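Enquirer: Take a look at the letters that make up each chain.
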Amino acid sequence: MTLANRNLVTIDDLSNSEIEAVFSLADSMAESIDKQFGVCKGKIMASLFFEPSTRTRLSFESAMHRLGGSVITASDVGATSLSKGESIADMARVIGSYADIIVIRHPWEGAAKVVADYAGVPVINAGDGGHEHPTQTLCDLYTIKKERQTIKGLRIALWGDLKYGRTVPSLVYALARFGATILFRPGPGLELPEHVMNKLGSEYTGRLERYASLNDKVKQRLFPLDAIYITPSKPHQLANIPSVSAQVELEEGVDALYVTRLQLERLAAADEGEELKKEYPVVDKKLLKEREFKKTMVLHPLPRVNELAREIDADPRSTYFKQAGFGVPIRMALLALLLGSKQAAVAKEKESFIRAREYPPYRRGYGVKCANPRCVSVQKTEAKYIRPEFKIINRRPLVLRCLYCEHEVYPQYVASSDWHEGRLASKKYHSADSHWSTKIKTENLIIFDSASEARAQGFRPGHYAKAVPEK
Amino acid sequence: MTLANRNLVTIDDLSNSEIEAVFSLADSMAESIDKQFGVCKGKIMASLFFEPSTRTRLSFESAMHRLGGSVITASDVGATSLSKGESIADMARVIGSYADIIVIRHPWEGAAKVVADYAGVPVINAGDGGHEHPTQTLCDLYTIKKERQTIKGLRIALWGDLKYGRTVPSLVYALARFGATILFRPGPGLELPEHVMNKLGSEYTGRLERYASLNDKVKQRLFPLDAIYITPSKPHQLANIPSVSAQVELEEGVDALYVTRLQLERLAAADEGEELKKEYPVVDKKLLKEREFKKTMVLHPLPRVNELAREIDADPRSTYFKQAGFGVPIRMALLALLLGSKQAAVAKEKESFIRAREYPPYRRGYGVKCANPRCVSVQKTEAKYIRPEFKIINRRPLVLRCLYCEHEVYPQYVASSDWHEGRLASKKYHSADSHWSTKIKTENLIIFDSASEARAQGFRPGHYAKAVPEK
Amino acid sequence: MTLANRNLVTIDDLSNSEIEAVFSLADSMAESIDKQFGVCKGKIMASLFFEPSTRTRLSFESAMHRLGGSVITASDVGATSLSKGESIADMARVIGSYADIIVIRHPWEGAAKVVADYAGVPVINAGDGGHEHPTQTLCDLYTIKKERQTIKGLRIALWGDLKYGRTVPSLVYALARFGATILFRPGPGLELPEHVMNKLGSEYTGRLERYASLNDKVKQRLFPLDAIYITPSKPHQLANIPSVSAQVELEEGVDALYVTRLQLERLAAADEGEELKKEYPVVDKKLLKEREFKKTMVLHPLPRVNELAREIDADPRSTYFKQAGFGVPIRMALLALLLGSKQAAVAKEKESFIRAREYPPYRRGYGVKCANPRCVSVQKTEAKYIRPEFKIINRRPLVLRCLYCEHEVYPQYVASSDWHEGRLASKKYHSADSHWSTKIKTENLIIFDSASEARAQGFRPGHYAKAVPEK
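Protein chains in written order, with the numbering used here: chain A, 1 to 471; chain B, 1 to 471; chain C, 1 to 471.
Everything labelled a hint here was simulated from the structure, so no lab data went into it. Predicted model only: the values in this text are computed from it and were never measured. There are no misleading hints in this set.
The list makes no distinction among identical chains, and a pair is therefore deemed to hold if it is satisfied within one copy or across any two copies.
The list that follows gives simulated cross-link-like pairs (lysine-lysine, BS3-like), each with its CA atoms no further than 30 Å apart:
1. LYS427 <-> LYS466
2. LYS278 <-> LYS384
3. LYS380 <-> LYS163
4. LYS369 <-> LYS278
5. LYS380 <-> LYS277
6. LYS278 <-> LYS322
7. LYS391 <-> LYS369
8. LYS145 <-> LYS199
9. LYS466 <-> LYS369
10. LYS295 <-> LYS322
11. LYS295 <-> LYS384
12. LYS322 <-> LYS41
Please model the complete structure; the sequences and the hints are all you need to start from.
Expert: This is the structure we're talking about:
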């Protein structure tokens with residue numbers, strides 16, 4: 001089976017079996033790195049980094065060179081044609097005619113999808129704002145699997161900045177799909193974003209328990225959980241009382257502790273950072289002496305700052321430098337597969353703890369914009385190329401998910417394209433949460449951010465249009 | 001025939017037949033890109049970009065990698081040895097000992113010539129300020145030729161920023177040489193620079209008509225011409241009344257519309273840019289519906305900003321992304337030829353619409369400096385290495401053309417090295433426009449910017465030295 | 001013999017015979033550059049430049065490409081994971097898993113040693129602050145040897161900025177080891193740093209004479225010496241009266257004049273630079289007419305600014321562009337050797353003018369810090385990874401040499417770990433220069449920067465603790 005010409009924009013772009021195929025190729029490549037030279041001979045990888053990165057960029061470039069391929073690089077932030085006002089859609093089209101594969105890091109969420117839509121060659125997302133970083137997730141999963149042979153049924157604790165770290169969303173979805181239980185231990189104010197929590201709770205077959213439903217025993221532990229996602233992959237976890245399950249999980253011990261640094265560069269105010277630094281949970285010798293961490297492997301996507309004490313570097317449980325080293329064989333395997341230089345040994349999809357969902361699309365291109373200011377679809381240079389697109393993930397309350405950055409949008413008003421009152425002149429809009437609105441067929445829905453947007457499109461308030469203060 | 005060790009600093013460095021030879025090699029390379037790997041094995045290209053560029057740099061680097069060559073890159077503006085006060089002449093000598101060929105982009109006009117003078121290896125100009133960008137011109141011509149089989153006799157309209165865009169001068173000269181008619185449609189205040197207009201008018205065999213001589217019918221069209229260059233390559237264009245020819249040309253339709261973006265980064269004041277943006281002509285669906293654009297291919301060197309509406313991207317006349325893609329095979333062919341890795345199939349020069357001119361040089365190295373503040377020859381770090389040099393392109397009025405940036409200089413005073421009044425003590429200078437000055441033999445001319453420069457060299461005013469206010 | 005997996009952090013990392021082996025391989029590689037392609041096939045060099053450099057970086061990268069190897073580069077100062085607060089120790093560990101060899105330039109003195117300590121692959125120092133630049137020294141020595149066949153017995157004058165130039169310390173030590181006589185001619189206030197002078201005076205077998213001991217004849221020459229290091233490699237230099245030797249040396253003529261530019265970027269205040277520029281000694285035609293420079297080769301590590309007049313470029317004595325060109329074969333040889341792609345033909349060590357010294361270490365990790373603010377060991381991100389380490393190079397007065405940056409430290413107080421007064425409660429500290437302090441065995445020494453540091457460690461002043469004002 002070939003993965004040639006596929007993109008890796010989000011971790012969902014690969015099935016569980018395809019991920020296993022990447023791992024299996026990485027295994028065999030790692031065993032004979034020297035023999036891989038020439039696998040991608042004559043191929044060119046474009047490495048486009050619009051945000052600072054040494055580690056990710058160099059590991060991609062190292063991987064391509066190990067395969068005997070060539071690399072063209074733009075790593076000079078700000079010193080690019082973007083500063084001439086070009087859209088990334090245009091840039092993608094042009095670079096797509098120079099290279100056989102594109103690796104992109106960009107501060108805008110959803111940017112990698114735009115590049116993939118326009119490039120005409122395979123695109124790998126090397127991090128798009130706080131959205132996803134799927135190749136980091138591949139390294140993380142690969143490391144866990146190398147150490148424990150499986151991911152299914154493991155208890156993985158996520159620790160630190162779960163809000164701004166881009167590695168976290170990709171990892172959370174992947175762990176859920178592979179049947180792991182996930183324990184969330186954020187720093188203060190650094191909880192997993194709501195839209196990630198929602199997706200986790202609704203699209204995977206496990207059960208998500210928030211802090212409020214946990215019992216005091218769990219709450220008062222040294223290891224203060226904010227939430228727990230309990231996989232259905234193990235029998236005892238089917239117990240009905242969530243906090244009991246959580247307690248059982250903790251007592252059995254944590255298999256992996258995934259630590260992230262505080263993403264200072266994404267905080268609005270510097271002084272906010274200073275406060276957070278003080279309260280940020282630190283993994284050190286003392287913590288690792290606790291019973292639940294006895295056999296815990298410690299992971300970190302690096303770079304670290306202070307959240308991982310230097311004193312544990314020599315501890316056999318510290319797996320983070322090994323994890324960093326796996327970046328090269330994993331990326332070698334991925335590049336070789338997407339370039340079609342290697343075939344993938346993809347097994348029939350066995351088990352995947354995903355709840356199959358088909359969300360209807362909202363593609364009118366007007367009425368509603370993504371509310372995430374870092375979303376690629378709302379940037380000045382991009383807005384004229386990109387039509388906003390959403391999935392309608394809920395009708396009441398009305399919730400859309402942006403197709404680019406996956407943030408949720410909660411629009412205020414709706415109308416019907418099937419002009420229900422018969423005349424164009426009487427185009428009316430209604431509150432999205434009114435009983436009336438649910439009568440509009442999904443395919444006829446016209447959705448508005450706000451009353452002013454509705455009026456701008458020529459609609460007038462209907463009977464069921466409550467006034468809502470505009471932001 | 002070999003082009004090995006030749007430079008490409010201006011488009012004039014290649015004859016028409018040599019350009020055709022580059023095209024013919026590009027054709028065959030494009031047909032079998034994969035088979036070119038190894039053509040430049042073991043060769044090193046230095047890619048030196050002292051101004052932001054993604055597109056041009058990456059297309060050169062992609063081309064070199066496609067040929068199996070290696071690349072060393074300095075793209076980090078400001079983070080270079082130049083910031084240590086080094087001259088580019090020194091830099092060229094050193095990098096010339098590291099690489100087999102140098103590609104240079106630099107903000108100073110004439111910089112590529114200096115690099116070529118000192119490097120000891122072939123040098124390709126990838127853009128020197130607003131001066132030239134000859135490889136872009138090769139791509140432009142190649143695209144036109146691929147679409148229309150010939151350039152001779154075509155009507156090409158240049159559209160937008162004809163003043164600051166560096167792609168324009170190279171292209172104008174090349175189109176004239178290949179026998180195209182050129183229609184100029186600048187944005188307000190963005191007319192082709194005078195020295196380019198003058199060169200076009202005097203050194204090619206066609207006829208240049210300025211706005212003033214065009215008739216009202218032409219002036220009032222949707223497509224407001226500023227000037228027209230009419231090639232002698234077609235019989236009817238020999239008509240004596242210029243505006244009639246222009247009208248005929250327009251009615252026959254435009255073959256190619258070459259659009260450029262506003263070079264905001266070259267404008268002195270930002271607010272000037274804001275004004276210009278409003279008035280800048282836009283190419284959109286509406287415009288392309290006009291009769292004269294019915295069969296027009298739309299070209300653009302990219303990146304674009306707003307001057308090319310997104311809505312025409314899917315129009316079959318839109319050729320700009322194809323044009324960008326041609327950058328790689330054209331640069332592959334050029335690199336392979338200048339490195340001597342391929343031989344050029346250069347036909348005997350057939351037709352070239354150039355007026356043969358031999359301008360006497362002015363090489364004294366004193367008395368007159370280039371008046372263009374962006375010229376490499378007047379930069380602080382360079383002045384001690386570079387001797388100003390000029391061509392004397394006219395005697396009355398006296399006009400020099402700088403050998404580096406090709407800007408024109410209009411000096412005020414002259415003297416004779418053949419001390420005409422017999423004694424050194426009576427060294428006299430005279431007004432350049434005096435009748436007397438024409439009596440000095442060209443080889444004896446000493447030329448002065450100003451009276452103070454003349455006095456600084458020990459000259460005193462002669463009878464024919466009118467006082468002129470100094471700048 | 002193999003040099004595989006060795007580091008080159010300081011020039012002392014290679015013996016004289018090993019340096020000769022590098023030269024001999026460089027000779028044979030330079031003769032057939034084209035045949036070296038493939039020597040390092042499949043190997044990856046990481047080129048990490050945390051300070052601006054075009055020349056050094058590109059010459060390393062050119063060398064690696066000439067050998068058929070691959071290169072991954074981080075040259076974008078500030079745009080790196082370091083700006084995320086990462087330590088260079090961590091960075092080294094990670095990049096060490098991506099590359100087969102690391103080339104590092106860094107503004108912190110001793111940074112290359114830290115990278116070598118953690119990377120797990122060979123590391124080459126491409127300049128660490130003002131500390132060392134050993135590959136430049138190899139090029140310098142190689143150039144001298146190519147021109148004069150030997151280094152032993154030559155008279156080499158160092159000229160210009162001997163204080164801030166990082167090329168100078170490496171070169172001084174190497175020249176001394178190879179038996180050259182060194183004449184120091186610094187710009188005003190730009191004398192060789194004291195710690196370099198001290199090392200030169202005490203660890204090599206020649207004799208160092210400072211300015212004060214030179215006679216007036218020497219002092220008043222056009223060529224105003226600040227100091228002279230007289231090698232014992234020639235008989236007459238054993239004369240007892242230093243200034244006579246100096247005079248004799250000067251009269252015999254200088255073999256090489258090594259000029260350096262003013263390192264403006266290392267000066268604290270810009271206006272200080274303006275002053276220095278005026279007084280900076282310039283090498284020009286006039287100077288080279290002096291008798292002692294009749295057969296002098298002029299060397300310069302480049303880039304130059306004004307200290308080397310353009311007018312001497314064509315002079316046969318000007319060797320600096322040749323010297324720059326040697327950068328590639330020297331670095332090719334070095335890379336091939338450290339990567340184990342070539343074996344070294346290392347002769348038995350013949351003559352090395354080194355005084356064998358074994359300094360006891362001070363490794364307690366507390367009590368004393370390096371006083372050099374640019375030392376890697378005192379940087380905020382590094383302090384938690386790096387334990388300060390010193391060599392005790394003198395007891396009275398007490399002088400330590402930092403193991404990272406080689407600066408000297410002069411601590412104020414000492415104590416003994418062999419609690420001399422019997423009880424822990426009476427831990428006492430004493431003045432380092434007291435008679436008493438010499439009674440403490442070196443292995444028992446506890447050393448303190450200051451009284452407050454001693455008190456912070458729980459010590460109280462003893463009888464021999466003079467109060468010294470704290471800085």
